[in-house]
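K.L.:
My request is simple: use the sequences and hints to build the entire structure.
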Amino acid sequence: DAKTTQPTSMDCAEGRAANLPCNHSTISGNEYVYWYRQIHSQGPQYIIHGLKNNETNEMASLIITEDRKSSTLILPHATLRDTAVYYCIVRVESGGSNYKLTFGKGTLLTVNP
Amino acid sequence: NAGVMQNPRHLVRRRGQEARLRCSPVKGHSHVYWYRQLPEEGLKFMVYLQKENIIDESGMPKERFSAEFPKEGPSILRIQQVVRGDSAAYFCASSPYALTGERSGANVLTFGAGSRLTVL
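Line order of the protein sequences matches chains W and Z.
Per my numbering, the first sequence starts with residue 21, numbered consecutively.
Per my numbering, the second sequence starts with residue 4, numbered consecutively.
Any given hint might turn out to be false.
Straight line, CA to CA, 20 Å or less: simulated DMTMM-like cross-link-like pairs of lysine to aspartate or glutamate [as the list claims (entries may be wrong)]: (1) W:125 - W:102; (2) W:23 - Z:44; (3) W:125 - Z:71; (4) Z:30 - Z:71; (5) Z:47 - W:113; (6) W:125 - Z:44; (7) Z:47 - Z:75; (8) W:23 - W:113; (9) Z:54 - W:113.
Honestly, the hints are just simulated from the structure, not real lab data.
P.N.:
Here it is in structure tokens:
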């Protein structure tokens, strides 16, 4: 029941930028896009989230298109430790004014030496 | 400030036994979410609790599974009469407030390292 679409897998060379796309064409005007990643066998880790403006933090940058129907997560200088499954998520209503995050299949990013 | 603590990290049970998984959220967090990850699959939402209340249990099987988050103590995910299909990693996450979504550090989930249940 995820509301996003991501490629199944991507490769990236170590030291290069990794650009991970996500389509969320049904997103509503006030919904944020969240990105998490899961390194093998570990708990998911929050990366970044945004509404309509581009966002940047110490981990990554998030570029959201003007129509908000898609976004791209950018890891500027990928390292081998960035190999993980990356999830693009739009929150889902969970009863009343509560929300939850539902994870799709994500994109397996493999950073190669 | 410790993160989300889950225990046990690994649990082995025989078919028909009970499994209890515990989750201590980040200090001050009153919202807890449980997810299940079957081998080679993605995370599936199970249940969302807010101190003593179940907010959303739409992802939890109707039978054998229950969850609680008492006023004092950790959140517990309980699986009765386990079957081999229950073998999975169970992740707990917490947040300080409901996910209103605004640009603040409060609107993210912090995950634990997971509890891996193996049913023999």
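K.L.:
Are the hints correct? Go through all of them and say.
P.N.:
Verification of the supplied hints:
| no. | hint | verdict |
| --- | --- | --- |
| 1 | W:125 - W:102 | holds (17 Å) |
| 2 | W:23 - Z:44 | holds (17 Å) |
| 3 | W:125 - Z:71 | violated (28 Å) |
| 4 | Z:30 - Z:71 | holds (17 Å) |
| 5 | Z:47 - W:113 | holds (15 Å) |
| 6 | W:125 - Z:44 | holds (7 Å) |
| 7 | Z:47 - Z:75 | violated (27 Å) |
| 8 | W:23 - W:113 | holds (12 Å) |
| 9 | Z:54 - W:113 | holds (19 Å) |
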